[in-house]
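In order, the protein sequence lines correspond to chains V and W. Counting along the first sequence from 1, when you hit position 480 you're at 480 in my numbering, and nothing is skipped either side. Counting along the second sequence from 1, when you hit position 384 you're at 384 in my numbering, and nothing is skipped either side.
There could be a bad hint or two in this list.
[As the list claims (entries may be wrong)] Mimicking DSBU-like on lysine-lysine, the simulated pairs with C-alpha atoms at most 35 Å apart in a straight line are:
{"#": "1", "chain 1": "V", "residue 1": "K22", "chain 2": "W", "residue 2": "K340"}
{"#": "2", "chain 1": "V", "residue 1": "K378", "chain 2": "V", "residue 2": "K247"}
{"#": "3", "chain 1": "V", "residue 1": "K37", "chain 2": "W", "residue 2": "K31"}
{"#": "4", "chain 1": "V", "residue 1": "K173", "chain 2": "W", "residue 2": "K340"}
{"#": "5", "chain 1": "W", "residue 1": "K173", "chain 2": "V", "residue 2": "K31"}
{"#": "6", "chain 1": "W", "residue 1": "K310", "chain 2": "V", "residue 2": "K22"}
{"#": "7", "chain 1": "V", "residue 1": "K340", "chain 2": "W", "residue 2": "K173"}
[What the hints assert, rightly or not] Computed, partial: chain V to chain W, Cβ under 8 Å:
{"#": "8", "residue": "D130"}
{"#": "9", "residue": "P133"}
{"#": "10", "residue": "W137"}
{"#": "11", "residue": "T141"}
{"#": "12", "residue": "W145"}
{"#": "13", "residue": "H155"}
{"#": "14", "residue": "K196"}
{"#": "15", "residue": "Q221"}
{"#": "16", "residue": "I241"}
{"#": "17", "residue": "S321"}
{"#": "18", "residue": "I354"}
{"#": "19", "residue": "V355"}
{"#": "20", "residue": "G367"}
Derived from the structure by calculation, the hints contain no laboratory data. Glycine is no exception: its CB is placed at the ideal position from the N, C-alpha and C atoms.
Here's the letter readout for the chains.
2 protein chains.
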Amino acid sequence: MSKLPETVFFANLSAKTGTPLKDQLYSQLRKAVLTGKLAPGTRLPASRQLAAQHSVSRNTILAAYEQMVAEGYMETRQGAGTYVSTQVPDYFTEPAQTKPQQGSATQAMPTVSKNTYPDFTLRSGAPALDQFPLDLWARLTSSAWRTAGAHTLMHDDLAGYAPLRRAIASYLKASRSVEAGPDQILIFSGLQQGFKIAAECLLAKGDAVILENPGYHGMAQVAATLQQETLFTAVDNNGAIPPTTTKRGMLVISPSRQYPLGMTMPLHRRLKLLNWAQETSSYILEDDYDSEFRYSGRPLNSLQGIDGGKHVIYGGTFSKSVFPALRLGYLVVPAGLVPKFITHRAAVDSYPSIVPQIALASFMESGHFARHIRKLRKTHARRKHIFTNAFPTYLGAYLDLEPSDAGLHMVARLKASLLPEICTRHDPVPPDVSIAKLAQNIGIGAFALSGTYRYQKTGNTHSDGQTSGVELRTHHQGILLGFANLPDDQIEPLLARFAQALEKKIN
Amino acid sequence: MSKLPETVFFANLSAKTGTPLKDQLYSQLRKAVLTGKLAPGTRLPASRQLAAQHSVSRNTILAAYEQMVAEGYMETRQGAGTYVSTQVPDYFTEPAQTKPQQGSATQAMPTVSKNTYPDFTLRSGAPALDQFPLDLWARLTSSAWRTAGAHTLMHDDLAGYAPLRRAIASYLKASRSVEAGPDQILIFSGLQQGFKIAAECLLAKGDAVILENPGYHGMAQVAATLQQETLFTAVDNNGAIPPTTTKRGMLVISPSRQYPLGMTMPLHRRLKLLNWAQETSSYILEDDYDSEFRYSGRPLNSLQGIDGGKHVIYGGTFSKSVFPALRLGYLVVPAGLVPKFITHRAAVDSYPSIVPQIALASFMESGHFARHIRKLRKTHARRKHIFTNAFPTYLGAYLDLEPSDAGLHMVARLKASLLPEICTRHDPVPPDVSIAKLAQNIGIGAFALSGTYRYQKTGNTHSDGQTSGVELRTHHQGILLGFANLPDDQIEPLLARFAQALEKKIN
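Same shape as in the complex, but just chain V (with noise of 0.2 Å):
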């Protein structure tokens, strides 16, 4: 392994504080990689160097190196020095801080605060916030505490709130062809939790969760927290390929609109998966993600729909529809599953607060749900006009926006040119993870797609290879660009400004 080159790091170490020196260079060292400031794979000065510069002895610097490497935030290499890890988890390496750290640096509680996110604008899945009407929300959510009662204080209705769930079946049935009675429907705090959930109550021993591939990073997550083998299947032109193995487990798709690349499954295709689940015994969980937004044509109805609810477990959330801190999702779960959900769900997290139940349910019935989403559907289409036409005009030299007509991100395929000129050999960081941080230094927040892949042999069902990360290949380098969460006039000036600071990066 060759060395890299080694990178400037300056502490702001203090002796009059109090707090050990170790402790103060510490501190300073993780806010650097979790905010990303020392970015994975970076090499550490070495710690002479390091205490030459600052007047303290080596002891204090290897102190504060170990404890880094301790807790995995940096590794060292044989003979080659430290290093910056490349596994500290994307959650906090990727937003980047926008708005300078407040207080000084030598305050002694590292933060690992994401106050820096709700700055991102186009961020790749982020509805139209400025379009939210706060003071409507605001008003109902009032009245429906005056109007609530100890029975509201002490409500004990593991599934959910009621009105909430029949409010969902409705919308369900009308919108989205999925068949279920407001008793099947359990609120969980979002989709992650509802993977959990389920694959802890339906899965045994030996059987396995299936993850589409490339996939949301956050399914992945929820998998490495469970027992099971995590399995992947890869995505051609019509979404998720059934699974080759033969063993039972949990599959979890996005027909809709496939996560991240975007194409729907055709009905053929659909019919596949359902016969694999329904030959080996296996679940699907159907996370219909973003599927109130589509710009032109019908959607399909739901895989859930088709199956009857058999071998179909859907999920939905309101992150997208109402706004993502909101924290409420739901799973519709085959009828003879429910009570096994419910005393799974008892034990683990009873059910989500009542609070955001109440104020959602009161905004479905008075109907301004439905009103809000031909609000956003209106909006998102005409940001994502703007945002396609003005693109090739400021980016085309560097990226080629791939056509989509439906949900709240598109995909920029990195143009091939820009590969070796972006891509240093001694870069570590995959060209297209670099552009995003880039992005995220100008308020854009910005996904890199080689990060929603995540294996290493080619083939069908595969085991996870997370040895060494994410492979290099030219079809995977690619950014995630939101359209909706910026206002009209303001789209055009961003990717101008986008635009700027990847010709300053290259010349």
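Start from chain V and add chain W according to the hints.
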């Protein structure tokens, strides 16, 4: 195994509804089991007999029985007939229906709704919900939303809403001597979720979870979903006895007020437990579930404060100090472990909805939380006085109320003379479970003390012997009764009704 007498069961079957008869029967049987109408261990009528009674084919009966057996609601015993399973989760069987079911008994969808709970008064563990300032809460919530922005809608601080964490940190410092900065506080939807995430985060293969015996059944339910071996440690007059195991693990205890027995752990026992944790490199989860309510003397400082946040994870809940359906709790995590917790919780559940977090932060920051606790403490003390005074008058012949100076429930032991009177040889249900059910039938949220014990063997640390339920030990026979959640003038009349019901059952 001797044959028990069969129960009588009449189904309401109609050929006109379009639902197959076997489905109608299955649905009604399930409802009867879930609502406790058919108690665990009850012997079902022979299929031939039930078929004759209803003039349907025996195959119809067999098909419904088979489905019930397949789903675990019933079990067959070789040559002895079909029985309601003794393994049906307590969650379904404990709350008896106090309201008539709406609609006809042949409605297809089985309900597992728990809409009956809210009607329970004097519920063990419930605070005085009639004292909650609903109007104020509505006003605070509404104004918090009016001043929110897109920032709030996209909130992405995985530790929880920062103003709430700050408010909790200062509350804990002042009231519980818990030493922790806001960055060590993680908001969860409750302590059970907190326990599950802590265990999944910190325990490795071969580590154990160790629970108090008797203890809170919710924690045992969580333990059953973990991959770790569950051990139990007995409770003496000083609370949980230090585990004899030398295994590394996570011990869950309630030192401020042992659940359910109520003793406060003295300092010498606390030190012994901390010593055990240090020696075995284990963690202690300090469940401080109702420490807000102490009616005489001063509470001991938290275990976390003594430990200094090395081995102890401190957990609190707002279920008792605000209201149960708020579903917000928190863990105070040693600083070095925070990133690990956040990564894990990001994977499995992101964070609880911002909606209750905003409301609670506003409730705390405005000083209303502290005022509300003071008001509750007075109300609870007054109701406890009324309850304790009236109890012997009405129930002294059957139950001995144990003194207690804190919390939200008291333990009433069954008088020895009562045991044979209420417990017949044919009754597979422990006498205190019968009495708790009887109380529930008249709207009292009582729990059986024997349900908080979960073992077979005596001795100190021992494996869970879940095979045949709870042993009938006299000193495990009692009921847990709340005293807080009923207006002052209704307490005595309800105790009188309870006494009448008991008398009627005995005579």
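Going through the hints against the structure:
no. : hint             : verdict
1   : V:K22 to W:K340  : holds (21 Å)
2   : V:K378 to V:K247 : violated (44 Å)
3   : V:K37 to W:K31   : violated (58 Å)
4   : V:K173 to W:K340 : violated (41 Å)
5   : W:K173 to V:K31  : holds (26 Å)
6   : W:K310 to V:K22  : holds (19 Å)
7   : V:K340 to W:K173 : violated (41 Å)
8   : D130             : holds (6 Å)
9   : P133             : violated (10 Å)
10  : W137             : holds (6 Å)
11  : T141             : holds (5 Å)
12  : W145             : holds (4 Å)
13  : H155             : holds (4 Å)
14  : K196             : holds (5 Å)
15  : Q221             : holds (4 Å)
16  : I241             : violated (26 Å)
17  : S321             : violated (12 Å)
18  : I354             : holds (4 Å)
19  : V355             : holds (4 Å)
20  : G367             : violated (19 Å)
The structure shown violates the earlier hints numbered 2, 3, 4, 7, 9, 16, 17 and 20.
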